[in-house]
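**Q** Can you make the complete structure from the sequences, with help from the hints?
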Amino acid sequence: MNLRNIGIVYRKELREALRDRRTLISSLLVPLLLFPLLTAGIGAAISALLGEAKKEVPAVMILGGEDSPGILAELRGSDKIKVVPTTKNWKDEVINKEIRAAIEIPPGFQDDVVHQKFATLFIHNYEGDMKSAIATGNVQKSLEEYRDRIVHGNLAAKNLPETAFKPFEIKEHNVAPPEKVGGAAFGGVIGYMVILLCLTGSMYPAMDLTAGEKERGTMETILSSPIARVDLVFGKFFLVLTTALVTAALSVTSMGVSFAVLGHLHAFDTAGADAAQLQLHIGIYTVLSIFIMVLPVAVLFSAGLMTVSLFAKSYKEAQSYVSPLMIIVIIPAVAAMLPIDLTAKLALVPILNASLLCKELVTGTYHWNFIAIIFFSTCVYAAAALFLAVKMFQREDVLFRS
Amino acid sequence: MIETRGLVKTFKDKKRGEIRAVDNVSFVCKPGEIYGLLGANGAGKTTTLRMLATILEPTDGTAIVCGHDVIEEPEKVRANVGFLSTATALYPRLTSQEMVEYFGRLNGLDEPTLKKRVDDIFTRLDMNSFRDRRCDKLSTGMKQKTSIARTLVHDPQVMIFDEPTLGLDIMTARTIIDFIRECRQRGKTVIFSTHVMSEVEKLCDVIGIIHSGKLLTEGSLGALRSRYGENDLEEIFVKIVAPLYAGQEAN
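Those protein sequence lines, which keep their order, are chains G and D.
First residue of the first sequence: 265, per the working numbering; consecutive thereafter.
First residue of the second sequence: 914, per the working numbering; consecutive thereafter.
None of these hints come from the bench; they were simulated from the model.
Among the hints, a few may not be true.
As the list claims (entries may be wrong) - Quick list of in silico lysine-lysine cross-link-like pairs, BS3-like style, CA-CA up to 27 Å: (1) G:LYS577 / D:LYS1050; (2) D:LYS1115 / G:LYS577; (3) G:LYS344 / G:LYS422; (4) G:LYS395 / G:LYS355; (5) G:LYS319 / G:LYS381; (6) D:LYS989 / G:LYS580; (7) G:LYS577 / D:LYS943; (8) D:LYS927 / G:LYS655; (9) G:LYS580 / D:LYS925; (10) G:LYS655 / D:LYS989; (11) G:LYS655 / D:LYS1056; (12) D:LYS1152 / G:LYS577.
**A** What follows is the structure in structure tokens.
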């Protein structure tokens, strides 16, 4: 290995990459713009939809209840629902979303309540439909208020305190620090995104520097120079690795900024109060440790992609080999978003292990023994991929495949 | 100086089995001489020259280029060889000058030597008007000049040209032919392959006729004329190769 020659190749490839519009778009522009656009777009769409759904006063029907004027007055008096005249085909109207729900009051309901006989009310709704769910919630709320008043009256009549009916209350209290709450919500996504963008960032240059070189006829030119093939592979490899890391770094930064801005905007918006609580707090150490863990993954991707695309005769052929690889990478990366805990066996599964570890790092958990296993095993996989790439560059039937 | 000793190259083909692309080829090419390798498409010219440039490794036999064995010291061989073919393209996103500098650096030139060398070559080949233009924006003629400059930057003793005029227009082809002559004048060892008879007649000191990987005959144009009793090189070529074609058809 000759470091001077590796440097010469690296600088030349870097110069060419910086002059290539396709590389600039895929490794710089896409990661920089993707997240702001995604968060802004999706955020705006969600709050618009939610706002509209919450603003609508849902139309509901009341079935029966002619002998129970108390509950009828309660429902008609609520400003959270709009009671419409009852029709025979109420079921179809719920299904066709003309009304959001129908409340069934059994005959003699008021008598039953007065005589303290147990009675049941039905809310007929459209399961899974958000607007029907909101209507159900609103109806339930006003019915519960009505029920509480009856209980209150009953207790007062018998001179019993409120606690006779409700001896104690149950409250939730979160003890996890806010950064862990945010991390648990976003950790899986971050690992997935960093790993996926590492792949997409290195994909184009890996193909361009191998299959592209064959296609343009410069492979024979470079092979006729005195540089050893090992040095050539390493020069190219470092460039591919650089783009992978730059893409990943840019995307994490742009993702962090987008989320922060979104959280900040939503803090002023009552509808987005939930989103504001999920704000992500990632410290510089977390970012650094994610990067150290992603490094061998990026090496694995860069070397692997170069090996596969070197086999292709043209850029197009390389694309058809690389596209299935994308799915192979996406599956373990997505799997990390499921509630899977890191175990010693899983720590040996490439990509999935790094993805799971990213999730833990974001929540601020450092299991040093797992970190060691994952870093070491990924390094082994990366070294194997790199070895394969070098071997591939020494095979005449691959370099001159026709 | 190039000396090949029983050079063999076999390829494996799924349908046709093992193919002997180059079969026991031996010849000598001296400094100040142009050796022309003449043959039809698929005769084994390109494979032979690629082995001399150490882009391919011989299956058997070897070649000595400038005192270095192509198998033992391929990097030293390449440092002494300028290799030019229609397949050796330029990097489209580098400028003409960057392209030549890149190859100068890969050949181990230090920066002051490189700068002087590049200035000399660009002036000599009249390339200063496009030295900062990207290779993908160059005309065919400018591209050929850049390729020539690329092969000259490390001042190699041996020049290998693989069908250098293939697909070029007359004027551009002429630039290449003149350049090959100039290499001989400067005392370089020159080997070049072609299937164009007129180029061989005009240029070559020694002609080798190759077919199906075998070197069938070699000698100066005069020697070949008297040996085969024909004046025209094309007639000589047909006389040597035609019986083999008939044999192949029969098979």
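**Q** Now look at each hint and say whether the structure bears it out.
**A** Quick rundown of the hints versus the structure:
For the hint linking G:LYS577 to D:LYS1050, the alpha-carbon distance of about 24 Å falls within 27 Å, and the restraint holds. Only pairs whose Cα atoms come within 27 Å are accepted, and D:LYS1115 paired with G:LYS577 is rejected, the gap being roughly 37 Å. Between G:LYS344 and G:LYS422, the direct Cα distance comes to roughly 33 Å. Violation of the 27 Å bound is thereby established for this hinted pair. Only pairs whose Cα atoms come within 27 Å are accepted, and G:LYS395 paired with G:LYS355 is accepted, the gap being roughly 16 Å.
Between the alpha carbons of G:LYS319 and G:LYS381 the distance comes to roughly 37 Å, so the proposed pair goes past 27 Å and is violated. Of the supplied pair hints, the one linking D:LYS989 and G:LYS580 is violated, its CA atoms being roughly 36 Å apart against a limit of 27 Å. Restraint check for G:LYS577 and D:LYS943: the C-alpha separation of about 37 Å exceeds 27 Å, so the hint is violated. Under the criterion of a C-alpha separation no larger than 27 Å, the hint pairing D:LYS927 with G:LYS655 is consistent with the structure, at around 22 Å.
Taken as a hint, the G:LYS580 and D:LYS925 pair is honoured in the structure, with Cα atoms around 25 Å apart against an allowance of 27 Å. A distance of roughly 21 Å separates the Cα atoms of G:LYS655 and D:LYS989; the hinted pair therefore holds under the 27 Å criterion. Restraint check for G:LYS655 and D:LYS1056: not satisfied, since their Cα atoms lie roughly 32 Å apart, outside the 27 Å limit. Restraint check for D:LYS1152 and G:LYS577: not satisfied, since their Cα atoms lie roughly 38 Å apart, outside the 27 Å limit.
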